[in-house]
Amino acid sequence: MAELPIIEIKNVSKVFKLQDQTINALSGANLTIAKGEFICLIGASGCGKSTLLRIMAGFEQPSSGEALMWGKPIEGPEPSRGMVFQDYALFPWLSVRDNIGFGPAARSLSRGEVKDTVDKFVELVGLQKFANAYPHQLSGGMKQRVAIARVLANDAELVLMDEPFGALDAMTRERLQDELLDIWQRTGLTVVFVTHSIEEAIFLAGRTVVMTPGPGRIESDNPVTLPRPRDVASPEFNDIRRVLGAKLHSHHAKKAA
Amino acid sequence: MATVETSAPVAATAIKPWVGALWRRLRPVALALIVPLLLLAFWQVATTHHWTLLIPTPYQVGEYMVDFAVGGIYDDAYSSTLVTHLLASMSRVYGGFALAALFALPLGILIGRVPAARQILDPFFQLMRPIPVTAWLPLSMILFGLGAKSAFALVCLGAFYPILLNTIFGVRSVDPKLFEAASMLGCRGNAQFYKVVLPAATPSIFTGLRLGLGLAWFVIVVGEMTGVPQGLGAVIMDARTLSRTDLVICGMIVIGVAGYISDRIVVAIGNRLLRWSPTHNG
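Same order as they appear, the protein sequences are chains A and B.
Just so we're aligned: 188 in the working numbering is position 188 of the first sequence, and the numbers increase by one with no gaps anywhere.
Quick note: to get the working numbering, add 257 to the position in the second sequence (first position is 1).
No wet-lab data here; the hints were simulated from the structure.
Keep in mind that the hints are not guaranteed to be accurate.
To be verified - Below, a list of computed lysine-lysine pairs in the BS3-like style, where the Cα atoms sit at most 30 Å apart:
| # | chain 1 | residue 1 | chain 2 | residue 2 |
| --- | --- | --- | --- | --- |
| 1 | A | Lys129 | B | Lys273 |
| 2 | B | Lys452 | A | Lys115 |
| 3 | A | Lys35 | A | Lys247 |
| 4 | B | Lys406 | A | Lys129 |
| 5 | B | Lys273 | A | Lys115 |
| 6 | B | Lys273 | A | Lys120 |
| 7 | A | Lys35 | A | Lys129 |
| 8 | A | Lys72 | A | Lys10 |
| 9 | A | Lys72 | A | Lys35 |
| 10 | B | Lys406 | A | Lys72 |
| 11 | B | Lys452 | A | Lys120 |
| 12 | A | Lys129 | A | Lys72 |
| 13 | B | Lys434 | A | Lys35 |
| 14 | A | Lys10 | B | Lys452 |
| 15 | A | Lys17 | B | Lys434 |
| 16 | B | Lys434 | B | Lys452 |
| 17 | A | Lys35 | A | Lys10 |
| 18 | A | Lys10 | A | Lys247 |
| 19 | A | Lys35 | A | Lys17 |
| 20 | A | Lys115 | A | Lys35 |
| 21 | A | Lys247 | A | Lys17 |
To be verified - Chain B residues, not near chain A, derived (Cβ > 10 Å throughout):
| # | residue |
| --- | --- |
| 22 | Leu362 |
| 23 | Leu367 |
| 24 | Arg386 |
| 25 | Leu403 |
| 26 | Leu499 |
C-beta: ideal position from N, C-alpha, C; glycine also.
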């Protein structure tokens, strides 16, 4: 018998009501994610990629369909599913250490255990020198490292990332992409990563899920089999970029026809 | 050519580095003193040129201040009573302020977090808020009698609203993302109140407390119109009746300085507690 997938999205739709308007944010989405995969959800704004991510996180409930983790319905946010937000959402009153230790402390681990966990993850993201700094003293890249460490320190099996590097400059983004891949390969995490950059998706993902808007839906599911580390300038990379680009814009063609 | 030009300013700054360092420390003090000194000069000119005959000169007020503080010059009923009056006023300011905080903080948290409480209480407080403390004076004297209790009540009322409103604002304006972040990290329900709401609201609450304490000093004169024998407000009201303008001005200066020092202490505490907040470093 095949192993149970970590995440199963079965025919999930999400309808938002805004005043007298109803918005079909997500329509009939199906997605199965195995443990250890690196999935990128990619699409233009309004395609439902963030909604799908928030349903996996448990922040939103599907209007219809089922969202399952290890075969059980996702009923609310949980430490096993950690979210990394685009705007970091660090606790500004806590130091880097205490932000990373927030989850372990909330699970009422002993002080020694919290300290050991924090030390380990501060080191993992290379912030030893800034361990006692407050978020407002950090650069965007450092803040996002704290946000990643905070989720990992809480033993998350599944890391959900909502355009985490969108607000960073290109150099920092590339560094963090490398670091994230390194952490993923060393820890065997499962990562679902939302982005609107085709290049970022192909560079990171084992599978790229293309989504299109109006209503938001999954257009196609594309394995990326290039060997890592991937060279964004190689012809193979650019072939995939061209194919995905065409799929991303396919809904325009349909509308015109 | 280039070397000649660049060497000149280097030599100039190298002469006395300690002068620059000293100036950097004294500059804020010097700048802060400009307006008070100009006012003092204007006061001096106005009184020595007899633009008004009812206000004493700065020197007379200074002399009286010394007598008010330590005595030995006029030896009247007010000589060397400054400390007594200051302590009486301070007890009312801090007592009234503490009482206001005791009511306003829990109420503010309740109104900010519980929609039903907000719907019931918020309109009431919005209606009561524009009524000045002065207007409450007669009622306060009927309800709490002549004397210290009335004074406490009025000072408390003066400090109440800024603490209440800023507490409501603080607990209501927590970034919703922080609740999501806390819940996905395993902190849910009531624990979020202590771990997220309260710390996120501290800068606003602190601003409210600071404004409240400032207003407690601001209303002390009204508070002490309730027939208390001691206190800076009582001194000012008595001096007014006795046409002792020098004493009135002394009372005003003492209130100003005491209120200023008290505010500086609060700000220093705030800067320590709110090191994490980029907007609280002033």
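Against the structure, the hints come out as follows:
Only pairs whose Cα atoms come within 30 Å are accepted, and Lys129 of chain A paired with Lys273 of chain B is rejected, the gap being roughly 36 Å. Proposed proximity of Lys452 of chain B and Lys115 of chain A is supported: the alpha carbons are some 18 Å apart, at most 30 Å. Of the pairs offered as hints, the one joining Lys35 of chain A and Lys247 of chain A holds, with about 26 Å between alpha carbons and a cut-off of 30 Å not exceeded. With a C-alpha separation of about 55 Å, the suggested pair Lys406 of chain B and Lys129 of chain A falls outside the 30 Å cut-off, and the hint is violated.
At most 30 Å may separate the alpha-carbon atoms for a hinted pair to count; Lys273 of chain B and Lys115 of chain A exceed this at roughly 49 Å. Distance check on the hinted pair: Lys273 of chain B and Lys120 of chain A sit about 50 Å apart at the alpha-carbon level, beyond 30 Å; violated. Simply put, Lys35 of chain A and Lys129 of chain A have alpha-carbon atoms about 34 Å apart, too far for the 30 Å limit, and the pair is violated. The straight-line distance between the Cα atoms of Lys72 of chain A and Lys10 of chain A is roughly 12 Å, inside the 30 Å bound, and the hint therefore holds.
Between the alpha carbons of Lys72 of chain A and Lys35 of chain A the distance comes to roughly 15 Å, so the proposed pair stays at or under 30 Å and holds. Distance restraint check for Lys406 of chain B and Lys72 of chain A: the Cα-Cα separation of roughly 63 Å exceeds the 30 Å cut-off, and the hinted pair is therefore not satisfied. This hinted pair checks out: Lys452 of chain B and Lys120 of chain A have alpha carbons roughly 23 Å apart, not beyond 30 Å. Between the alpha carbons of Lys129 of chain A and Lys72 of chain A the distance comes to roughly 41 Å, so the proposed pair goes past 30 Å and is violated.
About 27 Å separates the Cα atoms of Lys434 of chain B and Lys35 of chain A, which keeps this hinted pair within 30 Å; it holds. Only pairs whose Cα atoms come within 30 Å are accepted, and Lys10 of chain A paired with Lys452 of chain B is rejected, the gap being roughly 35 Å. For the hint pairing Lys17 of chain A with Lys434 of chain B, the CA-to-CA distance comes to about 21 Å; that is within 30 Å, so the pair holds. With a C-alpha separation of about 14 Å, the suggested pairing of Lys434 of chain B with Lys452 of chain B holds against the 30 Å cut-off.
As the CA atoms of Lys35 of chain A and Lys10 of chain A are separated by approximately 17 Å, the hinted pair is consistent with the 30 Å bound. Restraint check: the Cα-Cα separation between Lys10 of chain A and Lys247 of chain A comes to about 22 Å, which is no more than 30 Å; the hinted pair holds. Restraint check for Lys35 of chain A and Lys17 of chain A: not satisfied, since their Cα atoms lie roughly 34 Å apart, outside the 30 Å limit. Simply put, Lys115 of chain A and Lys35 of chain A have alpha-carbon atoms about 29 Å apart, close enough for the 30 Å limit, and the pair holds.
As the CA atoms of Lys247 of chain A and Lys17 of chain A are separated by approximately 29 Å, the hinted pair is consistent with the 30 Å bound. Distance check on Leu362 of chain B: its Cβ is at least 18 Å (rounded) from any Cβ of chain A, clearing the 10 Å threshold; non-interface status holds. With a least CB separation of 22 Å from chain A, Leu367 of chain B remains clear of the 10 Å interface cut-off, as annotated. Chain A leaves Arg386 of chain B outside its interface by the beta-carbon criterion, the shortest separation being 30 Å against a cut-off of 10 Å.
Chain A leaves Leu403 of chain B outside its interface by the beta-carbon criterion, the shortest separation being 46 Å against a cut-off of 10 Å. Listed as outside the interface, Leu499 of chain B is consistent with that label: its C-beta sits roughly 53 Å from the nearest C-beta of chain A, beyond the 10 Å cut-off.
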